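Those protein sequence lines, which keep their order, are chains R and Y. Heads up: the first sequence begins at 1 in the working numbering, then just goes up one per residue. Heads up: the second sequence begins at 420 in the working numbering, then just goes up one per residue.
Hints were generated in silico from the structure; no laboratory data involved. Since the structure is predicted, the reported quantities are computational estimates derived from the model, not experimental observations. Ideal Cβ placement from N, Cα and C applies to all residues, glycine included. There's no promise every hint is true.
One side of the interface only, derived from the structure: several residues of chain R facing chain Y at Cβ under 10 Å [as the list claims (entries may be wrong)]:
(1) Val78
(2) Lys79
(3) Glu103
(4) Ile295
(5) Gln318
(6) Gln331
(7) Ala405
(8) Cys416
Protein chains: 2
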Amino acid sequence: MGEIGIYHGNIVFSKTEKELAEYRNGYIVVERGVVEGIYERVPDRFCGVPVRDFDSGVMIPAFSDLHTHAPQYPQRGVKTDALLKEWLEKYTFPLEGRFSDPEFADAVYDAFIGDMIRRGTMHVVTFGTIHEQATGMLIEKLEKKGIDAYVGKVNMDENGPEYLCERKEDSLSVTERFLEKYCANRRAKPILTPRFAPTCSGELLTGLGKLAKKYDVGMQTHLVESLWEKKETLRLFPDCSCDTEVYEKAGLFGHGPLVGAHFIFPSEEDIRLLNRYSGYAVQCPEATVNVIAGIMPTALLSERGVKLGLGSDVAAGQSLGIFSQAAKSVQLSKIKSFYEPENKVVSFAQAFFMATKQGGSLFGKTGSLEKGYAFDALVIDGLSDEFAPLSPVETVERFCYAGSADNILARFLRGCEIG
Amino acid sequence: MGEIGIYHGNIVFSKTEKELAEYRNGYIVVERGVVEGIYERVPDRFCGVPVRDFDSGVMIPAFSDLHTHAPQYPQRGVKTDALLKEWLEKYTFPLEGRFSDPEFADAVYDAFIGDMIRRGTMHVVTFGTIHEQATGMLIEKLEKKGIDAYVGKVNMDENGPEYLCERKEDSLSVTERFLEKYCANRRAKPILTPRFAPTCSGELLTGLGKLAKKYDVGMQTHLVESLWEKKETLRLFPDCSCDTEVYEKAGLFGHGPLVGAHFIFPSEEDIRLLNRYSGYAVQCPEATVNVIAGIMPTALLSERGVKLGLGSDVAAGQSLGIFSQAAKSVQLSKIKSFYEPENKVVSFAQAFFMATKQGGSLFGKTGSLEKGYAFDALVIDGLSDEFAPLSPVETVERFCYAGSADNILARFLRGCEIG
Numbered sequence: 001m002g003e004i005g006i007y008h009g010n011i012v013f014s015k016t017e018k019e020l021a022e023y024r025n026g027y028i029v030v031e032r033g034v035v036e037g038i039y040e041r042v043p044d045r046f047c048g049v050p051v052r053d054f055d056s057g058v059m060i061p062a063f064s065d066l067h068t069h070a071p072q073y074p075q076r077g078v079k080t081d082a083l084l085k086e087w088l089e090k091y092t093f094p095l096e097g098r099f100s101d102p103e104f105a106d107a108v109y110d111a112f113i114g115d116m117i118r119r120g121t122m123h124v125v126t127f128g129t130i131h132e133q134a135t136g137m138l139i140e141k142l143e144k145k146g147i148d149a150y151v152g153k154v155n156m157d158e159n160g161p162e163y164l165c166e167r168k169e170d171s172l173s174v175t176e177r178f179l180e181k182y183c184a185n186r187r188a189k190p191i192l193t194p195r196f197a198p199t200c201s202g203e204l205l206t207g208l209g210k211l212a213k214k215y216d217v218g219m220q221t222h223l224v225e226s227l228w229e230k231k232e233t234l235r236l237f238p239d240c241s242c243d244t245e246v247y248e249k250a251g252l253f254g255h256g257p258l259v260g261a262h263f264i265f266p267s268e269e270d271i272r273l274l275n276r277y278s279g280y281a282v283q284c285p286e287a288t289v290n291v292i293a294g295i296m297p298t299a300l301l302s303e304r305g306v307k308l309g310l311g312s313d314v315a316a317g318q319s320l321g322i323f324s325q326a327a328k329s330v331q332l333s334k335i336k337s338f339y340e341p342e343n344k345v346v347s348f349a350q351a352f353f354m355a356t357k358q359g360g361s362l363f364g365k366t367g368s369l370e371k372g373y374a375f376d377a378l379v380i381d382g383l384s385d386e387f388a389p390l391s392p393v394e395t396v397e398r399f400c401y402a403g404s405a406d407n408i409l410a411r412f413l414r415g416c417e418i419g
Numbered sequence: 420m421g422e423i424g425i426y427h428g429n430i431v432f433s434k435t436e437k438e439l440a441e442y443r444n445g446y447i448v449v450e451r452g453v454v455e456g457i458y459e460r461v462p463d464r465f466c467g468v469p470v471r472d473f474d475s476g477v478m479i480p481a482f483s484d485l486h487t488h489a490p491q492y493p494q495r496g497v498k499t500d501a502l503l504k505e506w507l508e509k510y511t512f513p514l515e516g517r518f519s520d521p522e523f524a525d526a527v528y529d530a531f532i533g534d535m536i537r538r539g540t541m542h543v544v545t546f547g548t549i550h551e552q553a554t555g556m557l558i559e560k561l562e563k564k565g566i567d568a569y570v571g572k573v574n575m576d577e578n579g580p581e582y583l584c585e586r587k588e589d590s591l592s593v594t595e596r597f598l599e600k601y602c603a604n605r606r607a608k609p610i611l612t613p614r615f616a617p618t619c620s621g622e623l624l625t626g627l628g629k630l631a632k633k634y635d636v637g638m639q640t641h642l643v644e645s646l647w648e649k650k651e652t653l654r655l656f657p658d659c660s661c662d663t664e665v666y667e668k669a670g671l672f673g674h675g676p677l678v679g680a681h682f683i684f685p686s687e688e689d690i691r692l693l694n695r696y697s698g699y700a701v702q703c704p705e706a707t708v709n710v711i712a713g714i715m716p717t718a719l720l721s722e723r724g725v726k727l728g729l730g731s732d733v734a735a736g737q738s739l740g741i742f743s744q745a746a747k748s749v750q751l752s753k754i755k756s757f758y759e760p761e762n763k764v765v766s767f768a769q770a771f772f773m774a775t776k777q778g779g780s781l782f783g784k785t786g787s788l789e790k791g792y793a794f795d796a797l798v799i800d801g802l803s804d805e806f807a808p809l810s811p812v813e814t815v816e817r818f819c820y821a822g823s824a825d826n827i828l829a830r831f832l833r834g835c836e837i838g
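Pulled out of the complex, with its shape left as it was, chain R reads as follows (with noise of 0.2 Å):
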C-alpha cells in the first residue's frame, strides 16, 4: 500500500477565501506524503494502519511566508522606533553588509530557518543579501531540510550603501552563476531579486530580465511600498506609467512566480498587469505598522482578483510567525477600514485563506488538507479553558489571535514529523 499515515483529532483547513472547513474527531489519511482523504472512520482498506491520535489537538496546514529578508533575522523587534529611510541606511543596510562574512552568515541561516519551522511555515519566499557565497549558503540549507522555497540574491546597482551597490556586469554575472548552480534544486528554487527600482539601474533590470527568460525563472521585489517608493520609481523611469511597469518592460514578467511585497498604493495599471501575469501581492502588516507606513487595500484587492499572500518581511516585521500575521491583517483591515470606509473589513476566514491556501499555491498543492495537498501539517492544542471549551475553528482563530509557537505540537513536512 506504499507509505501511510493515519492520524486522528479535528481538522481545520480553509475551502474558500470565505470559509473554513471544520471536522471533529476525524482521521486524515497521507499517503506518501499526499493527503488521501479524511473520513468519519478508518475506511476497512486501511485496517491495520496503526493510527496516530492528536486527541483534542487540531491539524491545520503549516503556513506560507511569501516575503521576508533572512539576513535581517538578528534585527528583529529591535531598532523599532526609526522610520524607513533611517531603519536602511542606520541599521538594516550595515547588518546585510555583514553578509560578506560566510561564518556570520551561516549562524544567522541556521537560526532564521530554525525558528521559522518552530513557528510553523514551511513554504518561504525570501530575500538574501548582494553576497553569492552567503545567499548559496541560505538556498542550500533550506533545500538541505525539504522546505519550498525561492530564495534570492539581491540586485542593486544604485542610491544604495557603496558595501551594498554591485557593479551592473559583477551583479548579472554573480547572478548567473547563481541560478546555474541551483535551478535544477527540488524543493529551494532561485528567484530574481531586484531590491527595488529605486535602487537599481534600468540596464541592470534589462539584464535580469534576459536571465529570466534564459533560465525560466521568476522575480520578487518591493513594489508600490511607499509613497516615496511610487514616487522615486515614476521619477527614475520616466517612460512607466507605474512601478510594476518598470519590472515587466524589463521583460521580468511571464517566466515563472511574481512575487510583489507590500502592494500598498497601486494603481489600476499596477492591479491589471499584476493580474496579468498572475502575481501575488504580499501583505505583511508587522512592517507596514513598524516602518512601510499605509495599509493595503486588501479587502479591495481581493474583489479585483489580485492573488494574496501574507509575509513576515522580517526585520521590518518583528517575528516570523505567519499564523499572528493573519490576525494581524484582519486588524489592519479594521484601521483601514475606518480611516477609509471604502475599504470592507477582511474576515479571520479570508486572512488564513491568505496565509495558507492562498499563499501556498504559489509553491503548488500546498496550504490545504484536502485531498491531493502536500501533508505539510502542524497540529495546535493548549488553547482552551475546561470552563469555556473551543470549537476547532475557534482554536485555530485563539491560536493566530493569541497563541504562541509553544501551542504547535507537532510538525509535519509531506508527511514526515520534523523540528
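Add chain Y to chain R, keeping to what the hints say.
Chain Y only, in chain R's frame:
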C-alpha cells in the same frame, strides 16, 4: 538588618517618558520588599547576604494593566470578526450573564489571575460584572494573592439586555454593600464602575456619586471610546458639554483614582476635566484594532499632561500581556501619524513608561526599580542571539515586540518570588 534580598544581573526601567535607565551587571538590593538601591558592587554593609544571580537576565518592573474585563477572559481571541455592537449584544453580554453562576466565576477568575501573573502583570484595574457574589470572589482572590488592584461591580440600569440591567435601587444598594465589605482591603480595593453613560440613568450616576463621597472611592468607566458612544452620551445627557462632564456632574470625581478607558475622541473639555482631577486615560491597543474603531491621540495627550496607562481590555483585546501592548502602542501611533500627521509617533521608551512607571503610579510606588519603589519585578531572558547579542534595553524592546510569557524567568511581588 531586616529582610534583605540582593539580585545580580542587568536592570532596565523608565527614568522619564523619554528615557530608559540601563544597568549592566548591577546589584539591586531589596529591603522589606522595597528597592534600597542599585550598585556596581555589593556595599560592605550587606556583606554576608547571599546574592541571587540572574546572569544575562534583565530585571524590569512588573507591568500595570489599567483597563480590563476579567469576566470576558473566556472570550479572548475568539469572535474576532464581530464589531462593537454585535460583539457586545451577541457574545459579550451573554457571557457576562453567566456570572450569576458562582462556580463559573470561580473557575474563570482563577484562570484570569493565573494568566495575568504569568504574563508579568501585577497591578490591575478591572471590571467585574453586575453580580455581587461573582465580583466579590474576584476581589477576594486578588486580595489573597496580594495583587494591587481596583475591582468594580458593574452598574447599568438602561439600554442593556434585560438579564444585565439592574433596578437602580438594587444597583445602588448592592454597590454599597460591596464597598462596605471591601473598602478596608489592603491590596485589592473596590472602585465604582458605571459601564458607560449610555447604559446608566442620571439617577443611577448621581446615586453612585453619593457613594463615592461617602466611602471616598474612585471610579472607572469607558470614556469617549467611540464616535457612537460620544454622540449617544450627549444625546442622553443634553445638559453636559462632553462625556467626562456626565460623571463629574454626578459627583463621581475627586474621591479616589479616576480611570477613563480608551479616551479616543476627547474634546478639549474632556481633556481639561480629566486633568483637573488627575485622571488616567488608558490606551488599549488590541481592543482598538479589534472592536473599538479609532486610535487614541497618545502623543498629543502626553503633551497636554494627561496621565497615560495601557490596558489589555480583554476580551476586546485578545491577550493579558501588557508588554506586547507597549509595542502595539508605538505601532498604532505610527498608523495614526500616517493618517493624521499632526499626531506624533510615540517612542518605545514612552510606551514602556506607560506600561510600567506611569501606569503603575496609580497604585503608589510601583512600576520602577528606583530606590523606594516596591520590588514588583520580572526577570526576562532567552531573547538574544549568540551571533548578535542585544543590549539590556534591546532585550526589553524585543521582549515587548516579539517575546512571550516564556521569556519571563522569575516574578517578584514586593520582594517575594511568585508564580
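Q: Any hints from earlier that this structure breaks? Give me their numbers in increasing order, please.
A: Violated hint (a single one): 8; every other hint is consistent with the structure.
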